[in-house]
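Engineer: Full structure from sequences and hints, please.
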Amino acid sequence: MNITSAQFVMSNSDISKCPTDNKAEYAFIGRSNVGKSSLINMLTNNKSLAKISVKPGKTQLVNHFIINKEWYLVDLPGYGFAKVAKNTKQRFSKLIFSYIESRTTLINLFVLVDCRHEPQNKDVDFMEWLGVNGIPFSIIFTKADKLSKQKLKDNVIAYEKELLTSWEEMPPYFISSASSGLGKDEILNYIEETNKKISL
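Quick note, the sequence shown lines up with residues 1156 to 1355 if you use my numbering.
Among the hints, a few may not be true.
[What the hints assert, rightly or not] With a Cα cut of at most 25 Å, we get these calculated DSS-like pairs of lysine-lysine:
#1 K1277 <-> K1249
#2 K1178 <-> K1249
#3 K1178 <-> K1316
#4 K1249 <-> K1224
#5 K1352 <-> K1178
#6 K1301 <-> K1316
#7 K1277 <-> K1316
#8 K1304 <-> K1316
#9 K1277 <-> K1308
#10 K1306 <-> K1316
#11 K1202 <-> K1277
[Claimed, not checked] Derived DEER-like restraints, expressed as beta-carbon distance ranges:
#12 N1157 <-> E1315: 15 to 23 Å
#13 S1253 <-> A1313: 28 to 36 Å
#14 D1176 <-> A1313: 40 to 48 Å
#15 P1274 <-> S1160: 32 to 40 Å
#16 Q1275 <-> Q1162: 28 to 36 Å
Derived from the structure by calculation, the hints contain no laboratory data. Quick caveat, the model's predicted, so the values are computed rather than measured. Note that CB positions come from ideal geometry on N, CA and C, so glycine has one too.
Structural biologist: Next comes the structure, spelled out in structure tokens:
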């Protein structure tokens, strides 16, 4: 897939006000500071589409971007927030789960995981919840350029072992780097092929 246009549409804290034109939605979520904004900007060839901040928890709303005037890329608030107030965490959590559970146009949730770390309980627990609730999702391992090829392979295998203790098979996953562009074609092709198979 070649992205020729990516435009901001709206930000919402009220899921009922999200777009109603029935276009497919692909949402991106991850723990704070996982590199979500950088990845979105890399995928869309737009360095300023998603706001990048050194302060974790910057994304506080559900942000919709229309891609090629055909489908929505959705930037969700992170989970496992650092340095935000407890009531803010609760508000984010309610917003996240309200979106995931209620949006019938959500085709796939991309769960971003920092490949530099061993499996984190919050990531694993979140993916377990998605599986139990029948939410289609894929994993994107971010910041691959920060590791050697062998260490990257070892960490991905560690995730596979952890998930396969309760899953029959590994969810689809991608290896990415926002700085080098690694994984861009694979992720966009996955979206393109999925769009061909669905009918909303």
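Engineer: All the hints need checking, so say for each whether the structure fits it.
Structural biologist: Structure-based check of each hint:
Proposed proximity of K1277 and K1249 is supported: the alpha carbons are some 16 Å apart, at most 25 Å. Note on K1178 and K1249: the hinted pairing holds, with a Cα-Cα distance of about 23 Å set against a maximum of 25 Å. With a C-alpha separation of about 36 Å, the suggested pair K1178 and K1316 falls outside the 25 Å cut-off, and the hint is violated. Among the hinted pairs, K1249 with K1224 is inconsistent with the structure: their alpha-carbon atoms are about 29 Å apart, more than 25 Å.
Only pairs whose Cα atoms come within 25 Å are accepted, and K1352 paired with K1178 is accepted, the gap being roughly 14 Å. Only pairs whose Cα atoms come within 25 Å are accepted, and K1301 paired with K1316 is accepted, the gap being roughly 22 Å. Distance restraint check for K1277 and K1316: the Cα-Cα separation of roughly 16 Å lies within the 25 Å cut-off, and the hinted pair is therefore satisfied. With a C-alpha separation of about 18 Å, the suggested pairing of K1304 with K1316 holds against the 25 Å cut-off.
Annotation: proposed proximity of K1277 to K1308 holds, straight-line Cα distance about 21 Å (limit 25 Å). As the CA atoms of K1306 and K1316 are separated by approximately 15 Å, the hinted pair is consistent with the 25 Å bound. A distance of roughly 29 Å separates the Cα atoms of K1202 and K1277; the hinted pair therefore is violated under the 25 Å criterion. Roughly 31 Å separates the CB atoms of N1157 and E1315, a value that falls outside the hinted 15 to 23 Å.
At about 32 Å, the beta-carbon gap between S1253 and A1313 stays in the expected band of 28 to 36 Å. For the hinted restraint 40 to 48 Å between D1176 and A1313, the CB-CB distance of approximately 41 Å keeps it satisfied. The beta-carbon spacing between P1274 and S1160, approximately 37 Å, falls within the hinted interval of 32 to 40 Å. The hint said 28 to 36 Å for the Cβ distance between Q1275 and Q1162, and at roughly 34 Å that hint holds.
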